[in-house]
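There are 2 protein chains.
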Amino acid sequence: MRVLGVDPGLTRCGVGVVEGVAGRQLTMAGVGVIRTPAEAEVPDRLVLIERGLEEWLEIHRPEAVAVERVFTQHNVRTVMGTAQASAVAMLCAARRGLPVALHTPSEVKAAVTGSGRAEKAQVGAMVTRVLRLAAPPKPADAADALALAICHIWRGPAHNRLQQAAARHSSSAPRTPHRNRTQHQKGTVR
Amino acid sequence: MRVLGVDPGLTRCGVGVVEGVAGRQLTMAGVGVIRTPAEAEVPDRLVLIERGLEEWLEIHRPEAVAVERVFTQHNVRTVMGTAQASAVAMLCAARRGLPVALHTPSEVKAAVTGSGRAEKAQVGAMVTRVLRLAAPPKPADAADALALAICHIWRGPAHNRLQQAAARHSSSAPRTPHRNRTQHQKGTVR
Numbered sequence: 001m002r003v004l005g006v007d008p009g010l011t012r013c014g015v016g017v018v019e020g021v022a023g024r025q026l027t028m029a030g031v032g033v034i035r036t037p038a039e040a041e042v043p044d045r046l047v048l049i050e051r052g053l054e055e056w057l058e059i060h061r062p063e064a065v066a067v068e069r070v071f072t073q074h075n076v077r078t079v080m081g082t083a084q085a086s087a088v089a090m091l092c093a094a095r096r097g098l099p100v101a102l103h104t105p106s107e108v109k110a111a112v113t114g115s116g117r118a119e120k121a122q123v124g125a126m127v128t129r130v131l132r133l134a135a136p137p138k139p140a141d142a143a144d145a146l147a148l149a150i151c152h153i154w155r156g157p158a159h160n161r162l163q164q165a166a167a168r169h170s171s172s173a174p175r176t177p178h179r180n181r182t183q184h185q186k187g188t189v190r
Numbered sequence: 001m002r003v004l005g006v007d008p009g010l011t012r013c014g015v016g017v018v019e020g021v022a023g024r025q026l027t028m029a030g031v032g033v034i035r036t037p038a039e040a041e042v043p044d045r046l047v048l049i050e051r052g053l054e055e056w057l058e059i060h061r062p063e064a065v066a067v068e069r070v071f072t073q074h075n076v077r078t079v080m081g082t083a084q085a086s087a088v089a090m091l092c093a094a095r096r097g098l099p100v101a102l103h104t105p106s107e108v109k110a111a112v113t114g115s116g117r118a119e120k121a122q123v124g125a126m127v128t129r130v131l132r133l134a135a136p137p138k139p140a141d142a143a144d145a146l147a148l149a150i151c152h153i154w155r156g157p158a159h160n161r162l163q164q165a166a167a168r169h170s171s172s173a174p175r176t177p178h179r180n181r182t183q184h185q186k187g188t189v190r
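Those sequence lines, one after another, are chains B and R. Counting in UniProt numbering, the first sequence runs from 1 upward without gaps. Counting in UniProt numbering, the second sequence runs from 1 upward without gaps.
Everything labelled a hint here was simulated from the structure, so no lab data went into it. Mixed in with the good hints there might be a few duds.
If you anchor each label on the Cβ, the simulated ranges turn out as follows [said to hold, decoys possible]:
1. Arg132/B - Gly97/R: 43 to 49 Å
2. Val21/B - Gly30/R: 46 to 52 Å
3. Leu133/B - Arg61/R: 48 to 54 Å
4. Glu54/R - Glu39/B: 48 to 54 Å
5. Gly23/R - Glu54/B: 38 to 44 Å
6. Ala134/B - Arg2/R: 51 to 57 Å
7. Lys120/R - Ala134/B: 56 to 62 Å
8. Glu39/B - Arg61/R: 28 to 34 Å
9. Glu39/B - Gln122/R: 37 to 43 Å
10. Met1/B - Phe71/R: 38 to 44 Å
11. Ala125/B - Gly114/R: 56 to 62 Å
To list a few chain R residues with every Cβ distance to chain B over 10 Å, as calculated [as the list claims (entries may be wrong)]:
12. Arg24
13. Met28
14. Leu57
15. Glu63
16. Ala94
17. Ala110
18. Thr113
19. Arg117
20. Glu119
21. Gln122
22. Leu133
23. Ala140
24. Trp154
Where a beta carbon is used, it is the ideal one built from N, C-alpha and C, also for glycine.
Please work from the sequences and hints to get the whole structure.
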């Protein structure tokens, strides 16, 4: 399975592609950051992010896209830009018919480090170890994008089993494909 | 001047096209609402909004797009959807090289009714009168989209004069075209 992780942001949008399946060695297919100039207008910055993401999707052809879920509780000044960049990421993926999964920062930290409250450096160190990289990817947005992709691959199978079990105990067949289920999860459920 | 006003929303995205110049009779070229099913996933809803907006841009060929500025202070549950829909609107416009202006709800109300605290019904009534419509456009999102377009046309010339005056008193020429100026305005300034 090849997953593109996207850590959305207007100034720096982290992107990372991870390949593999849960329980086996994962490999990094690519990592980077899409940057847009702070002095540019938001609409133009969104166009640059769209172009950047389209290139990554075109080159790496992922089977799924994992985007960090944005919360409004955080910094009010930056949350709008993050929400806008994540909207572009979701749009680019869905336009290609790719499943989109949203994972909260704590879900990603918990999946990668074992603790939902892990520090940035800890996430970077675990990403480095899991993907057998020479050094932690920089900036942090790039490492976070890889962590999102890892989280998506690792959470996938267990998640699918849970959903299948739920479906067996339900009278009706599940109406929604994998991405929908993932996206409907509330952070509080886990 | 032909302006497409967009009142962003995931469930109902109001769109309205107004033609004319400030000081003359304005005419409505079209009004409508792009709807997406609440049970659909956000990425798919954004794709539907993009398709809808592309149709409006393709058919009406506006020279500018006016989008309601989203604030995070409002309802936290709905603000993310509004921010995401507005991101798609900005993206669609900027991709075509169209200038994008963001106007706050109070700027729109003030421009159209004379009061920044006008009620929805008052805005609808003024839009009906200004555009000489038979009845107020429904739903309110459609009327709001027309109000945005009217606001953009009416604020334009005065706004330009202000900017030109400011430029004359400044040592350097203004670096940004019209849309940038409009977008940099803070709601608190006016």
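Subject >> Verdict on Ala140/R as a residue remote from chain B, using beta-carbon distances over 10 Å >> reply: 23 Å, holds
**OP:** Evaluate the condition: distance from the CB of Thr113/R to the nearest CB of chain B exceeds 10 Å.
**Re:** 27 Å, holds
Original post:
Honestly, do Glu39/B and Arg61/R meet the 28 to 34 Å range at C-beta?
Top reply: For Glu39/B and Arg61/R the Cβ distance comes to about 29 Å; the hint holds.
**OP:** With 10 Å as the threshold, tell me whether Glu119/R passes as away from chain B on beta-carbon distances.
**Re:** 26 Å, holds
Original post:
Do the beta carbons of Glu54/R and Glu39/B sit within 48 to 54 Å of each other?
Top reply: 28 Å, violated
Subject >> Distance restraint evaluation - Ala125/B, Gly114/R, Cβ atoms, bounds 56 to 62 Å >> reply: Once the Cβ atoms are compared, 60 Å apart, the range 56 to 62 Å for Gly114/R and Ala125/B holds.
Subject >> Status of the stated non-contact between Glu63/R and chain B (beta carbon gap over 10 Å) >> reply: 15 Å, holds
**OP:** With respect to the beta-carbon atoms only, verify the hint that Glu39/B and Gln122/R lie 37 to 43 Å apart.
**Re:** Given about 38 Å between the Cβ atoms, the range holds.
Original post:
Checking the smallest CB distance to chain B, is Arg24/R really beyond 10 Å?
Top reply: Non-interface label on Arg24/R holds, nearest chain B Cβ at 28 Å vs cutoff 10 Å.
**OP:** Taking the shortest Cβ-to-Cβ distance between Met28/R and chain B, state whether it exceeds 10 Å.
**Re:** Check passes; 25 Å lies beyond 10 Å.
Subject >> Supplied distance hint 43 to 49 Å, evaluated on CB atoms of Arg132/B and Gly97/R >> reply: 45 Å, holds
Subject >> Status of the stated non-contact between Leu57/R and chain B (beta carbon gap over 10 Å) >> reply: At roughly 13 Å from the nearest Cβ of chain B, Leu57/R sits farther out than 10 Å, so the non-interface label holds.
Figure legend: structure checked against the earlier numbered hints; hints not met, in rising order: 4, 16.
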